[in-house]
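Enquirer: Given next are the chains, with one letter for each unit.
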Amino acid sequence: MILVKIYVTLKDSVVDVQGEAIKDATHTMGYPGVSEVRMGKYFELKFDDSTESLEKDVDEICDGLLANPNIESYRYEIAEEA
Amino acid sequence: MKFAVIVFPGSNCDMDLYYAIRDGIEQEADLVSYKEESLDGYDGILIPGGFSYGDYLRSGAIASHAPIIKEVIRLANEGKPVLGICNGFQILTEIGLLPGTLTNNRQNRFICKQVELVVENNKTIFTNKYNLNEKIMVPIAHGEGRYYCDEETLWELNENNQVVFRYSQDVNGSVEEIAGITNKQKNVLGMMPHPERAIESILGSDDGLKLFKSMLETQKNGVQI
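If you read the protein sequences in the order shown, they are chains B and R. Using my numbering, the letters of the first sequence correspond one by one to residues 1 to 82. Using my numbering, the letters of the second sequence correspond one by one to residues 83 to 307.
Extracted from the complex, chain B is given alone in its bound form:
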């Protein structure tokens, strides 16, 4: 099994309103030193070992579904799993 860890984040040019709300909560908790929070999404996809063109598949899944290229960017790591 091949494990792919995918991180989707908002582009810097897009205001992250959920991140702002989380930042406010950290201040309420008593951590005034938090100057910014950017929220993202994390996905784990498992692929069969026999999958050819793995990176092409992952790119297509990210571009077509997991991330919206207008407002989000993504990066991923590929790890082997027993």
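In case anyone wonders, no lab produced these hints; they're calculated from the structure. Note that this is a predicted model, so its numbers are computed, not measured. Please note: incorrect hints may appear among the correct ones.
As the list claims (entries may be wrong) - Pairs of lysine to any residue, SDA-like flavour, derived with a Cα cap of 25 Å:
| id | chain 1 | residue 1 | chain 2 | residue 2 |
| --- | --- | --- | --- | --- |
| 1 | B | 23 | R | 226 |
| 2 | B | 41 | R | 178 |
| 3 | B | 11 | R | 240 |
| 4 | B | 23 | R | 240 |
| 5 | B | 23 | R | 192 |
| 6 | R | 268 | B | 70 |
| 7 | R | 268 | B | 11 |
| 8 | R | 266 | B | 71 |
| 9 | B | 41 | R | 304 |
| 10 | R | 266 | B | 63 |
| 11 | B | 23 | R | 149 |
| 12 | B | 11 | R | 136 |
| 13 | R | 152 | R | 266 |
| 14 | B | 23 | R | 188 |
| 15 | R | 117 | B | 64 |
| 16 | B | 56 | R | 149 |
| 17 | R | 266 | B | 69 |
| 18 | B | 41 | R | 259 |
| 19 | B | 46 | R | 144 |
| 20 | B | 41 | R | 191 |
| 21 | B | 11 | R | 259 |
To be verified - Cβ-to-Cβ under 7 Å is the rule here; a few derived chain R residues that face chain B:
| id | residue |
| --- | --- |
| 22 | 140 |
| 23 | 186 |
| 24 | 190 |
| 25 | 240 |
As the list claims (entries may be wrong) - Which chain B residues stay away from chain R? Per the calculated CB distances, all over 10 Å, these:
| id | residue |
| --- | --- |
| 26 | 4 |
| 27 | 26 |
| 28 | 45 |
| 29 | 71 |
All residues carry an ideal CB built from backbone N, CA and C; glycine is no exception.
Given chain B's structure and the hints, the job is docking chain R onto it.
Expert: Positioned in the frame of chain B, the structure of chain R alone reads:
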């Protein structure tokens, strides 16, 4: 004129649209499941508001891969009128029939209220019954209605008169108060406000009725656009 109202799991304005067509402009409408693979025989496609697939991942993201979508794209490319309202607008941007994206309101809250819109382009199949710059009252009900696009896209939208409705004041942080846009060919309209909830004065406004009447007028008599 025969309309298809596409129903996804989680659509919740489908009956309002059905009612707007059947009782508002007295035309035919069918509720069509997202699982269907043909839209043959329909003159117009309506994608309703709601929370398709619970807004999982992003609003509209999963619906954009439903079986019916290929047909929606085919009819749009044939020039048939396609109207997406609220979640329908979000779906149309996710499938790429309309540019830009709808994301969380600037105030990060769901907003449900009557708002004033300005008709910015009345030379479309959806707005020919309105006057240019007419102010209309239509309700909004959305958490992810902030229209965002890059500057190049914004320039193109303005250049091609694709911005059809603007909020008369800022309600959710949308770029240039954009509330509704068409594609370049002007046969696909997406808008966050709900004209189907504004077809009877007893419900607060009937300013939305002219949008549906405009589509009918185009079908019957053709409209120079």
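Enquirer: Hinted pair, alpha-carbon criterion (25 Å max): residue 11/B, residue 136/R. Please report holds or violated.
Expert: Since the Cα atoms of residue 11/B and residue 136/R sit roughly 24 Å apart, the hinted pair holds (cutoff 25 Å).
Enquirer: Do the alpha carbons of residue 23/B and residue 226/R lie within 25 Å of each other, as the hint requires?
Expert: Given that 25 Å is the threshold and the Cα spacing comes to 20 Å, the pair holds.
Enquirer: Do the alpha carbons of residue 268/R and residue 70/B lie within 25 Å of each other, as the hint requires?
Expert: 21 Å, holds
Enquirer: Checking one constraint from the list: CA of residue 117/R to CA of residue 64/B, max 25 Å. Satisfied?
Expert: 20 Å, holds
Enquirer: Under 7 Å, Cβ to Cβ, is where residue 186/R needs to be relative to chain B, so tell me if that hint holds or is violated.
Expert: 5 Å, holds
Enquirer: Just to be careful, I want the Cα atoms of residue 41/B and residue 259/R compared with a cutoff of 25 Å; is the pair within it?
Expert: 28 Å, violated
Enquirer: Given the hint that residue 23/B pairs with residue 240/R, does the C-alpha gap stay at or below 25 Å?
Expert: 35 Å, violated
Enquirer: Are residue 23/B and residue 149/R close enough, with their CA atoms no more than 25 Å apart?
Expert: 40 Å, violated
Enquirer: Given the proposed pairing of residue 266/R with residue 71/B, does the C-alpha separation stay at or below 25 Å?
Expert: Status holds; Cα separation ~21 Å.
Enquirer: Check the hint pairing residue 46/B with residue 144/R against an upper bound of 25 Å on the C-alpha distance.
Expert: 19 Å, holds
Enquirer: According to the definition I'm using, a residue is off the interface if its beta carbon is farther than 10 Å from all beta carbons of the partner; does residue 45/B meet that for chain R?
Expert: 13 Å, holds
Enquirer: Regarding the pair residue 266/R and residue 69/B, is the alpha-carbon distance no greater than 25 Å?
Expert: Holds: residue 266/R and residue 69/B sit about 20 Å apart, inside 25 Å.
Hint compliance for this structure: hints 4, 7, 9, 11, 18, 25 and 29 are broken, all remaining hints hold.
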